[in-house]
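Colleague: Chain by chain, the residues run as shown.
Protein chains: 2
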Amino acid sequence: MSNLLRDLREALSGVTVIAGEDVDQRYWSDWYRGHPTRPLALVRARSTDDVSAVMSFCNRHRLPVIVQGGLTGLCGGAEAEADAVILNLERMSGVEAIDLDAGTMTVLAGTPLETAQKAAEAKNLLLPLDLGARGSCTIGGNIATNAGGNNVIRYGMTRAMVLGLEAVLPDGTVLSNMNSLVKNNAGYDLKHLFIGSEGTLGVVTRAVLQLQPRPLFRAAALLATASFDALVGTLTAVRRGLPGSVDAFEVMWPEFYGIVTSEMPKERLPIAQVHPFYALVQVSGNDEAHLAASFDEILFACSERELVTDAVLAKSEREIEAFWAMRDAVAEFQRLVGPRTGFDVGLPLRKMEAFVEHARVGLASRFPGAITAFYGHLGDGNLHLMCHVPNVTTQPKKEIEDIVYSIVRDLRGSISAEHGIGKARTAYLNYSRTESEIALMQTLKRAIDPNNILNPGRVIAV
Amino acid sequence: MSNLLRDLREALSGVTVIAGEDVDQRYWSDWYRGHPTRPLALVRARSTDDVSAVMSFCNRHRLPVIVQGGLTGLCGGAEAEADAVILNLERMSGVEAIDLDAGTMTVLAGTPLETAQKAAEAKNLLLPLDLGARGSCTIGGNIATNAGGNNVIRYGMTRAMVLGLEAVLPDGTVLSNMNSLVKNNAGYDLKHLFIGSEGTLGVVTRAVLQLQPRPLFRAAALLATASFDALVGTLTAVRRGLPGSVDAFEVMWPEFYGIVTSEMPKERLPIAQVHPFYALVQVSGNDEAHLAASFDEILFACSERELVTDAVLAKSEREIEAFWAMRDAVAEFQRLVGPRTGFDVGLPLRKMEAFVEHARVGLASRFPGAITAFYGHLGDGNLHLMCHVPNVTTQPKKEIEDIVYSIVRDLRGSISAEHGIGKARTAYLNYSRTESEIALMQTLKRAIDPNNILNPGRVIAV
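Residue numbers (the working numbering), protein chains in the order written: chain R, 1 to 462; chain W, 1 to 462.
Think of the hints as simulated: they come from the structure by calculation, not from any bench.
Glycine included, every Cβ here is placed at the ideal spot set by N, Cα and C.
Take these hints with a grain of salt, some might be off.
Chain R residues, not near chain W, derived (Cβ > 10 Å throughout) [claimed, not checked]:
#: 1; residue: Leu5
#: 2; residue: Ile18
#: 3; residue: His61
#: 4; residue: Gly148
#: 5; residue: Asn179
#: 6; residue: Ser180
#: 7; residue: Asn185
#: 8; residue: Tyr188
#: 9; residue: Arg239
#: 10; residue: Gly244
#: 11; residue: Arg305
#: 12; residue: Val312
#: 13; residue: Ile415
#: 14; residue: Glu437
#: 15; residue: Arg446
#: 16; residue: Asn452
With a Cα cut of at most 27 Å, we get these calculated DSSO-like pairs of lysine-lysine [stated by the list, open to error]:
#: 17; chain 1: R; residue 1: Lys351; chain 2: R; residue 2: Lys315
#: 18; chain 1: W; residue 1: Lys351; chain 2: R; residue 2: Lys351
#: 19; chain 1: W; residue 1: Lys118; chain 2: W; residue 2: Lys315
#: 20; chain 1: R; residue 1: Lys315; chain 2: R; residue 2: Lys118
#: 21; chain 1: W; residue 1: Lys397; chain 2: W; residue 2: Lys351
#: 22; chain 1: W; residue 1: Lys315; chain 2: R; residue 2: Lys123
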């Protein structure tokens, strides 16, 4: 094995290759922390050529490669393996160009999302991808996992923002698909192979992203409804009243609202009473007066129609930030409640209520006293669930997952709306995808990575 | 060969199989009419099972299959071959379901676009795909070619509207990928393999489409500018002023405007004077007063800034229709001018002017007296060009294409923004795509269609 490392170092002259025993524990796993593992070696690529050299060497020697971006993944896709080389892209960071006419950005894969967001902002443009991990996650990881986040209802997932990309194939071939045209039907649109396939078909090294005009003003409200129907009715009213201007419609069930506000003094709570549903709604646009008046009017009409039973309009940017801080306090769940098993499921709007009910009952009857907290992106059909079972030394993750994913399967939902499959969910992939779909995924994987060296064991078994 | 036909009929009991000598000439080619050819046979599938049986039989017998939708393609993708079976999907027509909550439509591949549009409209929803061939082209063909059209600037290409689909693979496997969720990251997003690959990887048989709320009011103007910069400035102003509300920004160069208005009496022309650029701009929304006032204001500001030199606002729906009729009169080019060689190129905004200039000069110097007419979708970077060379018995298509495509290549544009490659443009594919991209397309084709029986010779040579 030490010969292999020596040969790797030789093949990659000038590139940092850290032997397994010297690899910092930070690189042993992503945020999922399934089985943090010391890898064979860690390579810190500086360029596409470095990535190509690594892949070419590892393909020749049948060495597994695990690609790492910002390590914020939630399903173990970037977790190290004892026999694998970690290909880390953190050094490939930087915004290479912003084209003001076209509103596009050319960016390296290792660039943190927040860095790219700020570069767009500095040119008065918007990179509309946004998620809690923005400070750490990288553009390459966002693309590989087709990241979702808070603004999908308005701008779509990462896939919708990628015009072109460069990727290194498992055999080291550099695939330049740096399209910057909005319309290009000259042959297969290859970028889609690499978006959302979690690094199993190629290593994304740079990309051309479509930016958007930055809306000048935003308005937000926290509201409560008495029923799920009323919640859906409110979403429809906001969408119809301000088409194309709804940034977010985040729903919180009362357990979730209770947990994230548990450390706030009661008199500082925007809505102190307990309601069946809470929603954080944000709209934005360029015509401040029209935006504010329309938003007011829509919410007022929703109250009149008894859809909305309580509502607080943010009176300042600071109050909007405070609403979001509450929603983002989900990151504190572990501290506030305890270790959790998390879910990210996709469901048709009309099946969400049934899902919540079945999951609540199913988990409570199997694990009396279990704490379940539901929240999600209503307009996208995306629900998150956190479950904590009290008084156990280890959370019964597998049993909890079996219960929840069986409900998802029976409701014909998706076991992963935005987080992906990684290593954590491969066993459940057939709950959401047919046999012929999985067979076609395997055909693609075998055709592009015949030696199964790139992120092996992720997404699908080959 | 007659044995093969007998066996095919036997394998497809109950399905209409028409022998080559009885095949109506309508099925010999699409609108491209490269080399209309009598096929071996024509099969009129009624169901996905029929399609599966045809593919399975033809795969076993290594019989080429050409798929036909509405036959409106402009690059020979659906043209028959003497040794091939035509798989026609016209009988697989119908909207199966519209889900009002999710705003989705489930539709069979052979459904004409206009039928699907009207079904959406009847439910007060919008299927935002629209193109001149709407009455004949089918949803399956729209998906296979990733059709563009008039509203791409606002709603994207067909790809952006497809949530899920069902496709039959070359070996007859039915791939059900009928996703209806906005967010679904459970494994590879396989639908993208079939969207825009022009039927070379599978036969699309049905789909789930995302519909949009139908805007209640629209406004349109025909305007003229003195320079390309002023045109771009106007586009930017309209987009900023009414973000998310711009349906179309169609630009016409003066030759084009002259041809499409040549049969109108001068006093009825909306703009009678000759200008360097004309544009048809349409916006729409739900707040009529706000829409009209904003649009007025934006156009007035553009005049004040001397971006717009002449403008006519449509005063009624009828006038809007009249503007569009002018733009759509491009279909009359052949009658008004003569046989033409047509182009559909994609270019960065800032290279459009250079393209027009180089193409005009290049064609005029090689073919004195050549008539060239440019028009296109400015916001999408998509230009069309018609060229007619007078006083020749046959249009020198190949030479014209060599001249135009070389300019596109040198400007790093796309040889096909929306029409696709088909049979007509395979020789130029490498003008817009790299060697490694074409190699990867071939890898995909070989993996999914190892016997090369499905639409062979389309898009890429294998």
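Colleague: It remains to establish, for every hint, whether it holds in the given structure.
Modeller: Okay, the hints, checked on the actual structure:
1. Every CB of chain W lies more than 10 Å from the CB of Leu5 (chain R), the least distance being 29 Å, so the non-interface label holds.
2. With a cut of 10 Å on Cβ distances, Ile18 (chain R) stays outside the contact zone with chain W, its closest approach being about 30 Å.
3. Chain W leaves His61 (chain R) outside its interface by the beta-carbon criterion, the shortest separation being 22 Å against a cut-off of 10 Å.
4. Not every beta carbon of chain W lies more than 10 Å from that of Gly148 (chain R), the smallest distance being close to 6 Å; the non-interface claim is violated.
5. Remark: the non-interface label on Asn179 (chain R) conflicts with the geometry, its nearest Cβ contact in chain W lying 8 Å away (cut-off 10 Å).
6. Interface exclusion of Ser180 (chain R) from chain W breaks down, the closest Cβ pair being 7 Å apart, not more than 10 Å.
7. Once the 10 Å rule is applied to beta carbons, Asn185 (chain R) is inconsistent with being away from chain W; the minimum gap is 5 Å.
8. Non-interface status of Tyr188 (chain R) relative to chain W is broken: a Cβ of that chain comes within 10 Å, the nearest being about 5 Å off.
9. A beta-carbon of chain W comes within 10 Å of the beta-carbon of Arg239 (chain R); the shortest separation is about 7 Å.
10. Its beta-carbon lying about 3 Å from the closest one in chain W, Gly244 (chain R) breaks the requirement of being farther than 10 Å from that chain.
11. Listed as outside the interface, Arg305 (chain R) is consistent with that label: its C-beta sits roughly 18 Å from the nearest C-beta of chain W, beyond the 10 Å cut-off.
12. At roughly 25 Å from the closest C-beta of chain W, the C-beta of Val312 (chain R) stays outside 10 Å, upholding its exclusion from the interface.
13. Listed as a non-interface residue, Ile415 (chain R) fails to keep its Cβ farther than 10 Å from every Cβ of chain W; the least gap is roughly 5 Å.
14. Residue-level check failed: Glu437 (chain R) sits 6 Å from the nearest beta carbon of chain W, not beyond 10 Å.
15. Here Arg446 (chain R) does not stay apart from chain W, with its beta-carbon only about 7 Å from theirs, under the 10 Å limit.
16. Consistency note on Asn452 (chain R): stated as away from chain W, and its beta-carbon is indeed over 10 Å from all of that chain's, at 15 Å minimum.
17. Pair hint Lys351 (chain R) plus Lys315 (chain R) does not hold up; C-alpha atoms about 35 Å apart against a cutoff of 27 Å.
18. Distance restraint check for Lys351 (chain W) and Lys351 (chain R): the Cα-Cα separation of roughly 49 Å exceeds the 27 Å cut-off, and the hinted pair is therefore not satisfied.
19. Note on Lys118 (chain W) and Lys315 (chain W): the hinted pairing holds, with a Cα-Cα distance of about 25 Å set against a maximum of 27 Å.
20. For a cut-off of 27 Å, the pair hint linking Lys315 (chain R) to Lys118 (chain R) stands: about 25 Å separates their Cα positions.
21. For the hint linking Lys397 (chain W) to Lys351 (chain W), the alpha-carbon distance of about 24 Å falls within 27 Å, and the restraint holds.
22. With a C-alpha separation of about 38 Å, the suggested pair Lys315 (chain W) and Lys123 (chain R) falls outside the 27 Å cut-off, and the hint is violated.
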